[in-house]
Amino acid sequence: MFDGTSLIISQPVGRRGNDPVEMKRKQCNCRNSRCLKLYCECFASGQYCFGCNCQGCHNNPENDEKRKRAIESTLERNPSAFRPKINHNAAETDLGRHTKGCHCKKSGCLKKYCECFQAGIMCTAACKCSECKNIAGNEERAALTLGGRVPTPNAKKPRRAEPLAASVSGAETCAMAHAAAYAPGTASKTVLSSIAESPVQRARAAISQRITPEFASEVCTQMLQGSALSATAGGNGTARQASEQEQGLSPRQESEVLDALQRALNQVLSHATAQAKRPRQPHANVR
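Residues in the sequence shown are numbered consecutively from 1, following UniProt numbering.
Among the clues, some could well be false.
[Unchecked claim] Straight-line alpha carbon distances no greater than 16 angstroms define the calculated EDC-like cross-link-like pairs of lysine to aspartate or glutamate that follow:
(1) K26 to E72
(2) K105 to E72
(3) K26 to E115
(4) K111 to E131
(5) K37 to E72
(6) K111 to E65
(7) K105 to E115
(8) K128 to E140
(9) K106 to E140
(10) K106 to E131
[Stated by the list, open to error] Cβ-Cβ distance ranges computed for the label pairs, FRET-style:
(11) Q267 to K106: 45 to 51 angstroms
(12) E214 to R149: 31 to 37 angstroms
(13) Y113 to A143: 14 to 20 angstroms
(14) Q55 to R77: 22 to 28 angstroms
(15) E140 to H103: 29 to 35 angstroms
(16) A143 to N29: 29 to 35 angstroms
(17) A142 to V268: 33 to 39 angstroms
(18) V268 to R77: 57 to 63 angstroms
(19) A125 to T273: 32 to 38 angstroms
Don't read these hints as lab results, they were simulated from the structure. Beta carbons are placed, not taken as given, at the ideal position from N, Cα and C, and that holds for glycine.
Can you build the whole structure from these sequences, using the hints too?
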């Protein structure tokens, strides 16, 4: 069970030599919270303030009793308050994920304001960002990666670099589907097109293009014609008509309807097969 109080209270004071985690942590600028609220980054990360620009600070060894009470009060309201926002689960994937998701509006999730980008991970469906570019296959993110400007995720295993045309993992698929909902114009088409890589998926896409409202109308017309033939096959006698309707179509009429449906289906399948066999064309760069 997560014992937030013991974990937070046992944090050491100040910096620990050349520890990179300690060296790169932010310094708070709190004014009114006394550094005992989750607004304070030092308090939220379970560390004492050290070298910060805060005023009236109680997040220090001198006010340890007040700090303990603030921690206990916070955990009563939210037991997960001090859990890390970025969850690196090596059992699932070598990519981390943001437990709550980011809420970026104007940065495109390519600035360090974005907690996902700052942690070196991609945005997922849990994020509520707008016009997200922190996704697999995005050209701006790829340029930042080549320039070494994308932070490295703090995972247990090093992340393996893969080409943009490689198979898409489940997490990246969710991220691309999320991004496509916000990406305007042709950018959304570029994001979604990278998902359909296999011949089976291209065949399904081709079938979906061929099964149009006009095609469905034609099939329904054939079925209605068959039904009309069945209704008129028995003549005018009521008893004979009811008997014929119970029997359904005659063999000749049934064969005609099935032939018409088979021809329409063969047209769709032949078109889909041809589309699946065609080599995949590289997508034009979105400018």
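Original post:
Holds or violated: 14 to 20 angstroms for the Cβ distance of Y113 and A143?
Top reply: holds, 19 angstroms
Subject >> Outcome for the supplied range 32 to 38 angstroms, where the beta carbon pair is A125 and T273 >> reply: holds, 34 angstroms
Subject >> Straight-line alpha-carbon gap K37 to E72, limit 16 angstroms >> reply: holds, 12 angstroms
Subject >> Whether the CB-CB distance between A142 and V268 falls inside 33 to 39 angstroms >> reply: This hint holds: roughly 37 angstroms between Cβ atoms.
**OP:** Could you tell me whether the CB distance from E214 to R149 stays inside 31 to 37 angstroms?
**Re:** violated, 50 angstroms
Original post:
Between Q55 and R77, does the C-beta distance stay in 22 to 28 angstroms?
Top reply: holds, 25 angstroms
**OP:** Below or equal to 16 angstroms on CA atoms is what counts here, so check K105 against E72.
**Re:** violated, 34 angstroms
Subject >> Pairwise hint evaluation, E140 against K128, where the allowed Cα distance is 16 angstroms at most >> reply: violated, 20 angstroms
**OP:** May I ask you to test the hint 29 to 35 angstroms on the CB atoms belonging to A143 and N29?
**Re:** About 33 angstroms separates the Cβ atoms of A143 and N29, which means 29 to 35 angstroms holds.
**OP:** For the pair supplied as a hint, K26 and E72, confirm whether the alpha-carbon distance does not exceed 16 angstroms.
**Re:** With Cα atoms ~24 angstroms apart, K26 and E72 exceed 16 angstroms; violated.
**OP:** State, for the Cβ atoms of Q267 and K106, whether the hinted interval 45 to 51 angstroms holds or is violated.
**Re:** holds, 49 angstroms
Original post:
Are the Cα atoms of K106 and E140 separated by 16 angstroms or less?
Top reply: The given pair, whose Cα atoms are some 15 angstroms apart, holds under the 16 angstroms limit.
Of the hints listed earlier, those the structure fails to meet are numbers 1, 2, 6, 8, 12, 15, in rising order.
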